[in-house]
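Asks: Using the hints provided, position chain B relative to the given structure of chain A.
Protein sequences, first through last, are from chains A and B. Per the working numbering, the very first residue in the first sequence carries number 802; after that it's consecutive. Per the working numbering, the very first residue in the second sequence carries number 147; after that it's consecutive.
These are computed hints drawn from the structure, not numbers from a lab. We put the CB at the ideal spot given by N, CA and C, even for glycine. Accuracy of the hints is not assured; some may be wrong.
[Stated by the list, open to error] Covered stretches of chain B (chain A as the covering partner; in silico rule of three or more C-beta atoms under 8 Å from a C-beta of chain A):
no. : segment
1   : 147-153
2   : 157-167
3   : 171-177
4   : 180-191
5   : 199-211
[To be verified] If the Cβ cut is set under 10 Å, some of the chain A residues that face chain B in the computed set are:
no. : residue
6   : Thr807
7   : Ala868
8   : Gly870
9   : Ala883
10  : Ala938
11  : Ser939
12  : Phe1074
13  : Phe1142
14  : Pro1182
15  : Ala1185
16  : Phe1193
17  : Thr1199
18  : Trp1210
19  : Thr1212
20  : Ala1213
[Said to hold, decoys possible] Across the chosen pairs, the derived CB separations fall in these ranges:
no. : chain 1 : residue 1 : chain 2 : residue 2 : range
21  : B       : Arg206    : A       : Arg839    : 52 to 60 Å
22  : B       : Arg201    : A       : Arg835    : 20 to 28 Å
23  : A       : Met802    : B       : Ala156    : 40 to 48 Å
24  : B       : Ser174    : A       : Gly1152   : 43 to 51 Å
25  : A       : Arg839    : B       : Arg204    : 36 to 44 Å
26  : B       : Ser174    : A       : Ser1172   : 33 to 41 Å
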Amino acid sequence: MTLPETFLIVVPVLPAVAAAAIAVARPAGERASRWAVRTASAAFAAAVVVAILVAVGDPVAAVVEGADGDAVVGLHASRVTALLGLLTTGVGLVVQSFAGRNLQGDLFAPRFFVLASLLTAATTSVAFAATLGLLCASWIVAGLSLAALVTHRATWQPARRSSRRTLRSLWVGDGALLAATLLTVVAAGDIDLRSPAEGAAALADASVPVLGGNLLAVVAVLLTIAGISRSALVPVHQWLPSTIAAPTPVSALLHAGVVNGAGMLLIRLAPVFGSSALATHVAFAAGALTACYATTVMLVRCDVKGNLAWSTAGQMGFMTVQVATGALPAALLHIVGHGMFKAALFLGAGGSVTAHHRHHQRPAPYVVAGSVRLGVALLVPAAALWAAYQVFHPHLSTAAGVLVTVFAWATAALGAVPARPRRRDGGLGCRRRGVRLHRWAHRGGDLRR
Amino acid sequence: MFAYIGGLTAVETFVADALPAELANPVSTTLLVATLAAVAVVVSVVWFTPGERMREVRTRVYAFALTSAPVASELTTRGSSTGVAPVPESRHLRPDLELARSTRST
Chain A
802 MTLPETFLIV VPVLPAVAAA AIAVARPAGE RASRWAVRTA SAAFAAAVVV AILVAVGDPV
862 AAVVEGADGD AVVGLHASRV TALLGLLTTG VGLVVQSFAG RNLQGDLFAP RFFVLASLLT
922 AATTSVAFAA TLGLLCASWI VAGLSLAALV THRATWQPAR RSSRRTLRSL WVGDGALLAA
982 TLLTVVAAGD IDLRSPAEGA AALADASVPV LGGNLLAVVA VLLTIAGISR SALVPVHQWL
1042 PSTIAAPTPV SALLHAGVVN GAGMLLIRLA PVFGSSALAT HVAFAAGALT ACYATTVMLV
1102 RCDVKGNLAW STAGQMGFMT VQVATGALPA ALLHIVGHGM FKAALFLGAG GSVTAHHRHH
1162 QRPAPYVVAG SVRLGVALLV PAAALWAAYQ VFHPHLSTAA GVLVTVFAWA TAALGAVPAR
1222 PRRRDGGLGC RRRGVRLHRW AHRGGDLRR
Chain B
147 MFAYIGGLTA VETFVADALP AELANPVSTT LLVATLAAVA VVVSVVWFTP GERMREVRTR
207 VYAFALTSAP VASELTTRGS STGVAPVPES RHLRPDLELA RSTRST
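Pulled out of the complex, with its shape left as it was, chain A reads as follows:
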C-alpha cells in the first residue's frame, strides 16, 4: 500500500475508530471530547494531504479490484471528492471542538461524540466511496447516526418526535438508494465510481425483464428520490425544520454536512443521473419549489434556529436546481460555501439575539430615497457582475450562466441596498405580528376580531 493510499484510508477510518473506542471504553465527557477532537484533527490533516496530492498529481485510489479490473470495494479521491472530504472532515472537527465546551457537564456528551464521529466517518465515506455499494452502506449509516443524534435529549418528547419524523423521511431516500443499488448490482454489477460514465453505459445496455429497457432511467429517478429525501426538498422537507429540537452542535453537523446529500450523490453519479430527462426534471421541480417555499418561510420566521433551518432548505433547493441544469461546478462551490457559512451561523446562534439588539441600537448611518436605493441595487451589482465576468471568463453553459448570473446579481443587489432606518423594537414587532397572525389563522382569517 502506498503512502497516498494510506492517507486516503485514514480519513474515514480514524473517526470510525474514535467512535468505537469511545463506545467501548466509555470515558467521561471531557475525555471523550479530547479523543474525538484529536482523531477528527488527524482525519482533517489526512484529508488536507490527500487534497494536495490530488491537486498536484493524479487521483488516488485504495481499492480491492475484481477479476475484470472494476472496484469491488474501496475509496477513491478525485479533485471533486477531495473537496467534499475536506468539507466533511473540517466541519466534523470544528463542530466537535465546539461541542467539547457546549456539552460540558452533559451526561450524554460521550454518546454525542460516538455518534458525531460515526456520522463524520459515514459522510466522509459517502464522499470517497469507490463503489455504489459502499456509498449506499455509508449513506444509510449516516442517516441512522443522524436520527440517533437528534434524540440527544431522549427524555424530551419533541426530540423523540423529531427523531421519528427524521427517520421516516430519511428512510424514503435510503430505501430508494438501496433499491437503485440492488437493481444496479443485479443487472450490471456494482458501479465503479472511478469512472461512473462506464457504469451508466453498462446500465443502459442492461435489460431487466420487469422494467423493459428503462433500467438507467429507473436508477436515475431512484437516485433523485434519495437526494430529495436527504436534502429535505418538497415533499419530504418537514424533517429538517423539526430537527431544531436537537442541540446546536447536532444542528451544525446536520446543516453543514449531512443535508448536502443530494449534491454529493447527484454530482458523484452525474453520468447516471443526467442520462434521464425525467430525473433531471423531477430534481429541478423539487429544487425550485423548495427554494421558493422555504425562502418565503425563512423570511417570516422570528426564531434563530428555525430561520436558519428554513434557510438551509431553500439553499438545498437552489443547489439541486444547479445540479439539474448541469451547473455542477457551481453546485460544488455552493455545497462547500454553504456548509462553512451555515456551520458558522449555527455555532454562533447563541449570540445572535445580543448581536441583533446591538445592531438595532446603532443609529442609521444615512437615509436615502427609495428610488436611489432601487437604482443602486440594480446598477451596482450589474456593473460588478459584468466586470467580474470580463476578468475571470468562467466557462459556463447557457443555463448555468443564467442561473449563476441571477443568483450573483440577486445576492449582491440585497447587499448593495443602502441601510434604511428600521424600527427599533428589537424584533418585538416581528413577534407581535406573528402572534397576531397565529390568532387570526385560528379564528378563520378575520384580523378585526
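Replies: Chain B alone, transformed into the frame defined by chain A:
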C-alpha cells in the same frame, strides 16, 4: 461579486477533469428562464399590487408561511402552564453539576 465569480472559475478549473462537461439531459435554458420569470412575476404582483384584496393575499401568504411549521420557541420555551419545564435539562447534567444547580440562589 468578484469573489463569487472568481471562486467559481477557480473551482471550475480545479475540477475540470473530474466532472463531466455537461449532463446528457439537463433542464433546458428555456424552462429555467421561464421558471425564474414566473417566480419574479408572481412575487412582484403579490408584493407591489396595491389594494385591499392584495393586502389580504399578502397577509394570507404571511400567515401560511408562519404557521406551516412548528416554531422553535414553542418547543424550547422553559416553564409551562403546569409549572413543569418542558425541557428536562436537569436529567442531563452530571450529579455534581445538578447539585450545584439545585443549591444555586436564584
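Asks: Okay, which hints does this one fail, numbers in order?
Replies: 6, 7, 8, 10, 11, 13, 22, 23, 25
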